[in-house]
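**Student:** Residue numbers (our numbering), protein chains in the order written: chain A, 1 to 115; chain B, 1001 to 1118.
Hints listed in this document are in silico derivations from the structure and should not be mistaken for laboratory results. Only a predicted model underlies this, so the values are computations on that prediction, with no experimental measurement involved. For each residue, glycine too, the CB sits at the ideal point set by N, CA and C. Please note that the accuracy of each hint is not assured.
[Stated by the list, open to error] Label pairs and their in silico Cβ distance ranges:
#1 Q96(A) x G1053(B): 18 to 26 Å
#2 Y1027(B) x V38(A): 19 to 27 Å
#3 P61(A) x S1003(B): 17 to 25 Å
#4 A1017(B) x E63(A): 45 to 53 Å
#5 T113(A) x S1084(B): 25 to 33 Å
[To be verified] Just so you have them, the derived chain B footprint on chain A, three or more residues with Cβ under 8 Å:
#6 42-51
#7 106-113
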Amino acid sequence: GEEVAQTPKHLVRGEGQKAKLYCAPIKGHSYVFWYQQVLKNEFKFLISFQNENVFDETGMPKERFSAKCLPNSPCSLEIQATKLEDSAVYFCASSQYGRVPYGYTFGSGTRLTVV
Amino acid sequence: AQSVTQPDIHITVSEGASLELRCNYSYGATPYLFWYVQSPGQGLQLLLKYFSGDTLVQGIKGFEAEFKRSQSSFNLRKPSVHWSDAAEYFCAVPTAMNSGGSNYKLTFGKGTLLTVNP
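The following block holds chain B by itself, in its conformation from the complex:
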């Protein structure tokens, strides 16, 4: 089954510094991949998604992610972090719900907590 791994449980960066959050996927074919953000006490907000085509994907809030098949990775990046970016970040991959593979649920990584220092 498709799965994603987020190797970093907790990352701390200074405000204004660049950020890269790692996500590795396990899937033979080209996967669909998602990044979500969860602010404290909030639900999940979709930052960006990759389906096919251009391997560099632009998202909301200044985030981007690059799909690298050779490394089985879909790392999330931001050139300059703001204090409001402090949150939990989740990488996710669709998993088929039926044998026909036509309907999907999301399988999440375990998340990376981002702390931003002033």
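Next comes chain A alone, as it looks inside the complex:
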């Protein structure tokens, strides 16, 4: 389809529980990006993929966060043991090209609330 589909829209987890978020990029888009929006405004880049290969993961808190993009499956972002500070909206974007991001399309986000 022509939209980036993120599921679920809302997710509530108790502190220490696992959270898993999904993103289906637009068909034909080779690049997938995950961003975390905290404090309502600030966007933090987490990780990017080119097909199933990690391209840049400089923003990932690696001790608890992991992500995958496998062929014929939605991409996923997993938080093993959630903390209160992980509460945020997580956005996924896909792009046909990585060279210049004029083709970015964002999903509508998953709101994670850690209680």
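Fit chain B to the supplied structure of chain A, relying on the hints for placement.
**Tutor:** Below, chain B alone, put in the same frame as chain A:
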């Protein structure tokens, strides 16, 4: 590294009034620049982008932006605001992900919240 600054956290305008949202960039060469809008509970929608050429860029929903190198600015404008324009607006610049500079991620400003009064 490239970055953008949005000096105004919150702006309120009356419906029908003109609008200008500020964005300043820090980059030596000619940057690529973007404006996105985020409506409540929604994702980010691209309003317009600047790559090169004409410094006045037209976007969707009646928005435009002007690239001014002398002021390091890329301000977003709309001549007459509608109530449906109430949203958060983000300026963004690509940041290279690798040393070759051939692949990019987006770096966002902190956003400007637009409130429209009837």
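**Student:** Hints first: check each against the structure and report whether it holds.
**Tutor:** Here is how each hint holds up against the structure:
1. Q96(A) x G1053(B): 18 to 26 Å: At roughly 22 Å between Cβ atoms, G1053(B) and Q96(A) fall inside 18 to 26 Å, so the hint holds.
2. Y1027(B) x V38(A): 19 to 27 Å: With a Cβ separation near 25 Å, Y1027(B) and V38(A) satisfy 19 to 27 Å, so the hint holds.
3. P61(A) x S1003(B): 17 to 25 Å: holds (22 Å)
4. A1017(B) x E63(A): 45 to 53 Å: holds (49 Å)
5. T113(A) x S1084(B): 25 to 33 Å: holds (28 Å)
6. 42-51: holds (count 5)
7. 106-113: Coverage by chain B holds for the stretch 106-113 of chain A (4 residues, Cβ < 8 Å).
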